[in-house]
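Trainee: What follows is each chain in one-letter form.
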Amino acid sequence: MSEPLIRTVGLTRHFKVGSFFSRQLLHAVDDVNFTIEPGEIVALVGESGSGKSTIARLLARVYEPTSGEIFFEGRPVAGMRSRRERLAYASEVPMVFQDPFSSINPAYRVDHGVIRAFKLHRRGVVRGDRQGEVERVFAEVGLTPPASASRKFPHELSGGQRQRVGFAQALAFRPKLIVADEPVSMLDVSIRIGVLNLMSELREREGVSFLYITHDVASARYIADRVLVMYGGHLVEEGATEDVLQRPKHPYTQLLLSAVPDPRAPLGLSDAADVGEPPRVVNPEEGCRFQPRCPLAIARCESETPLLRDLGPGRLAACHVAEPDRVGAAVTA
Amino acid sequence: MLLDVANLRVRYRTSKGPVRAVDGIDLTLEKSQVFGVVGESGCGKSTLVYAIARLLGPPFSGEIIGGQIMFQGRDMVTLAERQLRHVRWREFSVVMQSAMNALNPVLTIAAQMRDACKAHSTMSDREIEERSREVLRLVSIDPIHLHSYPHQLSGGMRQRAMIAMALLFTPDLVIMDEPTSALDVVAQRSLMMQIKELQQRLGFAVVFVTHDMSLVSHFSDRLLVMYAGQVAEFGDTRRVFDTPRHPYTRALLEAFPSIRGPKTHLLGIPGSPPDLARPPSGCRFSPRCPVARPTCHATPPRLVEVESDLVRCVLYDDAALERDPVAAES
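Protein chains in written order, with the numbering used here: chain Z, 1 to 333; chain A, 334 to 663.
The set of hints was computed from the structure by calculation and includes no laboratory data. Be a bit skeptical, because a hint or two may be false.
Said to hold, decoys possible - Facing chain A, a subset of chain Z residues (Cβ under 10 Å, in silico): (1) G46; (2) K119; (3) V195; (4) N197; (5) D216.
Claimed, not checked - Computed far set for chain Z versus chain A, every beta-carbon distance over 10 Å: (6) K16; (7) S67; (8) G194; (9) H215; (10) D262.
Quick reminder that beta carbons are idealized off the backbone N, C-alpha and C, glycines included.
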């Protein structure tokens, strides 16, 4: 029993890049293992190019993994081959995209996507029930009054409202996990919080799990139970949100946290400006991928790829230097 | 004084009728000062800075319908296109919002820098090449990237290349319209540090537009909070952060979670900025304001001076409060 909703084992995705004669392999995601429990909000954080969105697309089956497997409620996703099984999986794990301006078809009213979901994935909702069900999901995402909101065209809605339409489309499937790829980063700061609150409410009311992909650690803290930190295609740290934020183990997590602008904290120019770039992992060699930017790097980091190590209850980090919490410190947490 | 804007008004013609995107803005900027402009989308921030740079012509169809923009002793509003050519790039330059779209994808960085130099100076090709290398080094891009195309650079590098171009003539004023909004947090922070460092070293003034207040907190000297084309609050940045006066400023500051301190449930700012074709009567923020009183919905508040800073809210206007029956009771 107690099989998680999603479990990945050695999930890997490589892309071929370069011309015919200089064929190279871009390692977008390398050997990633994580789980998502029912009703859990998991945040996946990292810089652009760290492989976050590739993981989202692997979960949504836009890409097939190069190697490794995804288990959905214990069943291997790669084994779902028939059209019926594929549609069933797609409706249980829908995606919400970053750009609310280009992810909704501008030629149709916004209920189009929801009704299409019923036709494709929920044949049980017969024609007569559809309008009521449309209004239910629109009310659920806070677009009121649902009857008139659902008949609007995308250009009549603001960015925040369009993103809510994205969630309405996802909800129409009666999903178990919504993969939200940077759902708020294109929105104004003042309306981001509304969309984040919506995600926690949907979790409370509908019991949906979320994989929330973001580069904004503060918003991850606001809604997520657990955080996964990615760097250069590797998972480098994992743990309960508050735990990771208060006591980051991996030097990359520390860098990420120090970059969050905080108007209340003092800041001097003495703070070293990190001019490093996230790596494009092409034909990688053995060694830690963060090592060129790492302030704590030791000789071993150059020659040996650190694996995720257990550093306390529920805490994992892939770093040769990171230390586990002392027993006393762990107890007070 | 470097820049002195007085009662600036900008109008767009739209199918719904005229829209006053900037409605009576005053501001002053001293040499080497950093000036932040914050507010939500649709508050007129970008219109304000494009008006200052006189970039509102086609395709933007905006026109300045009143006010004055004194820049280095010249009125930018009345300056002819031919005279503008001597001022642009040389005395002030603009860093656009998205480097991805602002750089020409089919020209190398070197070619784009050469264009700007040829149009605004009589430098020789050798001088241009040398200056281009110099400005790239300023923003810590290795000059070997001079002959790269924009797509060969990362997002952060493209944005830094834009800033390098803006510094070609060491202007006195650099206008930056959301220069970091396309970047993730780590790149954002390193770019902000670099801008600040360059600004202190070269002594140019900066007008910096953003919707993310936390970005400007350590960066700007003066802060202008705009709402619906008007000044909501204007003052010393530190003071605005420590004791925000306007309810809108307070709402912006509390709109987004922090990574420190206790976790609290946030609400953001309910509603959205008003349609400027039909601004609400009374205070423009009143429909969204948590502390609005009856008078706010009826009479537009004056811009009042509080300890040499400005705020447009009836709460700080003693004369208006006296006339307000609700306030008199309490």
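Trainee: May I ask you to test the interface hint for D216 of chain Z with respect to chain A, counting a Cβ-Cβ separation under 10 Å as satisfied?
Mentor: holds (6 Å)
Trainee: Beyond 10 Å from every Cβ of chain A: is that where the Cβ of D262 of chain Z lies?
Mentor: For D262 of chain Z, whose nearest Cβ neighbour in chain A is about 6 Å away, the distance does not exceed 10 Å, so it is violated.
Trainee: Holds or violated: G46 of chain Z as interface residue toward chain A, Cβ cutoff 10 Å?
Mentor: holds (9 Å)
Trainee: Are all C-beta atoms of chain A more than 10 Å from that of H215 of chain Z?
Mentor: At about 4 Å from chain A, H215 of chain Z fails to clear the 10 Å cut-off, so the statement is violated.
Trainee: Determine whether the non-interface label on K16 of chain Z survives the test: each CB of chain A must be over 10 Å from its CB.
Mentor: holds (19 Å)
Trainee: Over 10 Å from every CB of chain A: does G194 of chain Z meet that, or does the non-interface label fail?
Mentor: violated (5 Å)
Trainee: Could you check that no beta carbon of chain A comes within 10 Å of the beta carbon of S67 of chain Z?
Mentor: holds (28 Å)
Trainee: V195 of chain Z was flagged as interface toward chain A. Is the shortest Cβ-Cβ separation under 10 Å?
Mentor: Holds, about 9 Å.
Trainee: Double-check K119 of chain Z for me: the hint is only fine if its C-beta lies closer than 10 Å to a C-beta in chain A.
Mentor: At about 33 Å, which exceeds the 10 Å cut-off, the nearest Cβ of chain A leaves the hint on K119 of chain Z violated.
Trainee: Closer than 10 Å between Cβ atoms is the bar; does N197 of chain Z clear it against chain A? Give me holds or violated.
Mentor: Given a least distance of 8 Å, the restraint on N197 of chain Z holds.
Of the numbered hints stated above, those contradicted by the structure are hints 2, 8, 9, 10, listed in ascending order.
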